[in-house]
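> Residues per chain are reported as follows:
Protein chains: 4
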Amino acid sequence: MLVSEALGTAFLLAVVVGSGIMAERLSGGNVALALLANALATGAGLTALILTFGGLSGAHFNPVVTLAEAMEGRMTWRLATAYGVVQICGAFAGVAAAHAMFGLQAFSPSMHVRSGWPQWWSEAVATAGLLLAIRGTSRSQPAATPFAVGAYITAAYWFTASTSFANPAVTFARTLTPTFAGIRPVDAPGFVAAELLGAIAAILMGRWLFVKPFEES
Amino acid sequence: MLVSEALGTAFLLAVVVGSGIMAERLSGGNVALALLANALATGAGLTALILTFGGLSGAHFNPVVTLAEAMEGRMTWRLATAYGVVQICGAFAGVAAAHAMFGLQAFSPSMHVRSGWPQWWSEAVATAGLLLAIRGTSRSQPAATPFAVGAYITAAYWFTASTSFANPAVTFARTLTPTFAGIRPVDAPGFVAAELLGAIAAILMGRWLFVKPFEES
Amino acid sequence: MLVSEALGTAFLLAVVVGSGIMAERLSGGNVALALLANALATGAGLTALILTFGGLSGAHFNPVVTLAEAMEGRMTWRLATAYGVVQICGAFAGVAAAHAMFGLQAFSPSMHVRSGWPQWWSEAVATAGLLLAIRGTSRSQPAATPFAVGAYITAAYWFTASTSFANPAVTFARTLTPTFAGIRPVDAPGFVAAELLGAIAAILMGRWLFVKPFEES
Amino acid sequence: MLVSEALGTAFLLAVVVGSGIMAERLSGGNVALALLANALATGAGLTALILTFGGLSGAHFNPVVTLAEAMEGRMTWRLATAYGVVQICGAFAGVAAAHAMFGLQAFSPSMHVRSGWPQWWSEAVATAGLLLAIRGTSRSQPAATPFAVGAYITAAYWFTASTSFANPAVTFARTLTPTFAGIRPVDAPGFVAAELLGAIAAILMGRWLFVKPFEES
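Protein chains in written order, with numbering that gives the first Met the number 0: chain A, 0 to 216; chain B, 0 to 216; chain C, 0 to 216; chain D, 0 to 216.
Chain A with its partners taken away, still in its complex shape (with noise of 0.2 Å):
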C-alpha cells in the first residue's frame, strides 16, 4: 500500500510538473493555452492514476485525503502518517523524474510568487471542493470517483486564482521546480495552512451533510 501511493503520488508530480515544462516550451508565451494543456494533461492523467492505484491504496496521493479517512477512522493515525509520509517522498521523487526527462537538474527552487489572500482562498475553497467531491460521489456512484477527482482539478486549474495545489505534499513537492508549476518555498507555508483550513471545514461539512438522515430541510 505504501509503494503504492509512493509510486502514484510520483506519477502525479510528473504529470503536473512535466505537463507545465513542456506547456511553457511550446506554448511561445501563451500562457492560456499553456494552462489548458497542463489542465487536461492533470486531469486526465490523475483520473488513470486513481484508477491504477485505488484498488491498492485507495489512491490518496494527499495528505488532506488521509487525514479525511483518518478522522472518519476508516484508516489508523499510524498508517495515516505512514501515508503521509511517503506521499511527500513521492511527490519529490516525480519532481526529480520530470526534470530528468527534461534535461533539467534535479531540483532547484522556484521563483513562482503565489501569495496573497484572494490565492490562499482560493486554495481554502479548492481543498474543500475536492474533498467533498471525493466524499460524495464515493457515496452515491463510487465508481464514478477517479473521473470526478480527474474532472474536479481540471476546473479547478482555472477556477481558482492559485490553479488549485489543493494538496499539501503537491505544494512541497513543486517549490523545488524553477518551472510553470513552481511555487516559491516561501509561499508554500501559506498554502499549505489554506488547504488544511479548508480541508477541516469540508470534513466537518461533510460530516454533518452526508450522514444526516435524509429529510426536508
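It is worth saying that the hints were derived from the structure and are not from the lab. Don't be surprised by glycine CBs; every beta carbon is placed ideally from N, CA and C. All the pointers check out, no bait thrown in.
Ranges between beta-carbon positions, derived for each pair: (1) 71/A x 106/B: 33 to 39 Å; (2) 177/A x 108/C: 52 to 58 Å; (3) 73/B x 102/C: 33 to 39 Å; (4) 203/A x 105/C: 55 to 61 Å.
Only part of the chain B face toward chain A is listed, based on derived beta-carbon distances under 10 Å: (5) 25; (6) 32; (7) 33; (8) 39; (9) 41; (10) 96.
A few chain C residues that don't get close to chain D, going by computed Cβ distances all over 12 Å: (11) 54; (12) 69; (13) 76; (14) 87; (15) 88; (16) 105; (17) 106; (18) 111; (19) 174; (20) 184; (21) 185; (22) 191; (23) 192; (24) 199.
Based on the hints, put chains B, C and D in the right spot on chain A.
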C-alpha cells in the same frame, strides 16, 4: 437537501465566473481560447458537482430543472419553491466567492450586452435541450446523467449564440459580475423568459416523448 | 421513435453547424483553434444526444447506421426508410435552427470545396471506423457506446482530411450552410458515395469479425 | 483475433499520424496547439478503438502489452508472437492509410530527431506507466480500462519529453512518416530499447505490487 442545493449552485457559479476571469486574464484577447477554457472547466466542474451532490438533493442547481421535477410530480411545490430560493442565494454567494479569489469586490453590475432574438432563441433551445438530456438519460442510463449534463453544457457553450446560460439562477447571479461571464442586469429578464419558454416546451415534449408506449410512429 | 430520430438529428446538426459558426467568429482566422472547439463540442454534444435519445429510437441520427441495423435484420426495411427520411428532414431543421441562433437566414448554399480522392478516402475510412466502433462497443460494453461514438468523432475530425462527416444526412444538410461546417452542394454526392462504400465494407467486415467463433486465427 | 489486432493498430496509427498532419497544417507553427489537438485526438481515438476491439482480441495494439500478457501466462508465446507481427504490419498499413487521406505518398522516412537520455528516460517512464495503468485498472475497474488508457496517453503526450510513443509497433511505423508524428529511423532502436526496459520494470513491479496480499506495508 437545501444546503446541498445552495452549496452546489455556489460552486457552479464559482466555476463559471472564476474560470471566465482566469480565461479572460490569460488569453490576451483571444476570445476563442478563453471560451474553450471556460467551456471545458464548466463542463468538467458541473459533472463533478452533480456526482458530488446528486445523492443528496438531486443536484438540480437550476430552477427550471426543479420546475420540471415539480411538474412531473416528483417533488412538492413547497419544496420546489425552497429549492429555487436557495439556488438563487447560492448562485450569488458563488459569484462573490469567485470574485474574492481574484481580488475583485463582491458584486458589481455587468456591462456585457446579451440581447435580441438570436440570443433569446439560443437560450430557449439550450434550455430545452438540457431538460431533454436530463430526462432522457435519467430514463435510459441514470448513472451517466452527470456526464451527459457536463458534456451537453460544454457543447452548448459553443453551439448557441448566447453561450447557453440555460439556468435562471445562473442568469440572475451573472448580472453582478463585471467579467467574461457577465450579463447586463437589464438583459436578464429576456434570458429568463426564453429559458422558461424553452423549459415548458421541453417538459411537454418530454411528457409525450418519454411516456407514450414504444411503437412504430 | 421517428420524432426522437428527427429531434436528435436536428440537435446534432445544430451542434455541428452552430459550434462551427461560433468557432469561426471567435477564432480570428486560427483554423486549428476553430476545429478544436468544433471537434470537442461535436463529440461532447453527440455523446449527450445519444444518451438522451438512445432509449427511445436507438439514436442513429445517421442513415448508414440505420442501413447497418436493417442489413443485420434488427429493424424492418420499412422502418429503416422512415428513419432515413426523418433523419434528413431533422438535419435540415437543425441547420435552420443554428442559423437562427446566429442571425443568419435559414438556408443558403455553401461555397466550401471538399472534393478529390484524399477526401473521399477519408470519408470511407471515417464511416467504416464509425460503424465498427458502434458494433464492437455495442457487443462488448453497450453502456459505453455513447462515449465511444463521441470520442471516435472527436478524433475523426482531426485524423481525416475531410473532418469526417461520416453521415449522409449530415452531408446533405451541411450543403446549405455558408459557414465553417459547410460543403458545396456539388461535392455532396461524392461524399455520400464514399460514406456508403465505407459503410458496406464495415458491415461486411463486422459480420465476419464479430460473429465468427472466438479462436486462434 | 489477429485481424482485430491488425485493424485496430492500423486505425491507431491512422489517428496518431493523421491528426498530427492535420494539426501541423492548421496550426500555422503553433506547436502547443498542434500537440494539444494531436493528444486529444489520440486519447479519444484510442479509447474508442479499445472499446471497439477489446471484446475480440483484448485490443493490445502494442507489442509490450502483448509481452506483459505472455509473461503473466495469459496467452501462449506462439500467439503473442503472431500478435506482434500483425501489430507491426497493421501499424505500417495505418501510416499509409493516413498518408493517402492527406495526399502524401505511402511511406517516406522521417527527419524528426528524437534522441538522447531525456527522451529515452521519458519513453521508459511512459511505457512503465502505461503497463501499470492497464494492469491496475483491469484489476479494480475492468470496464474503465479503455478510458484509463486513453486518459493516460493524453496526459503522457504532455508530461514526457518524447510525447510518449510507449509502443514499439507505433515507433517503427512512425519512422516512415515525414510529418509531425515522425521519428528518424536511426532513432527508433533507442526508443524501442527504452520502451522494453520500462515494460520489464513495470511487469516486475506489477507482479509484486498487484499480487502480494493486501496488508499494512
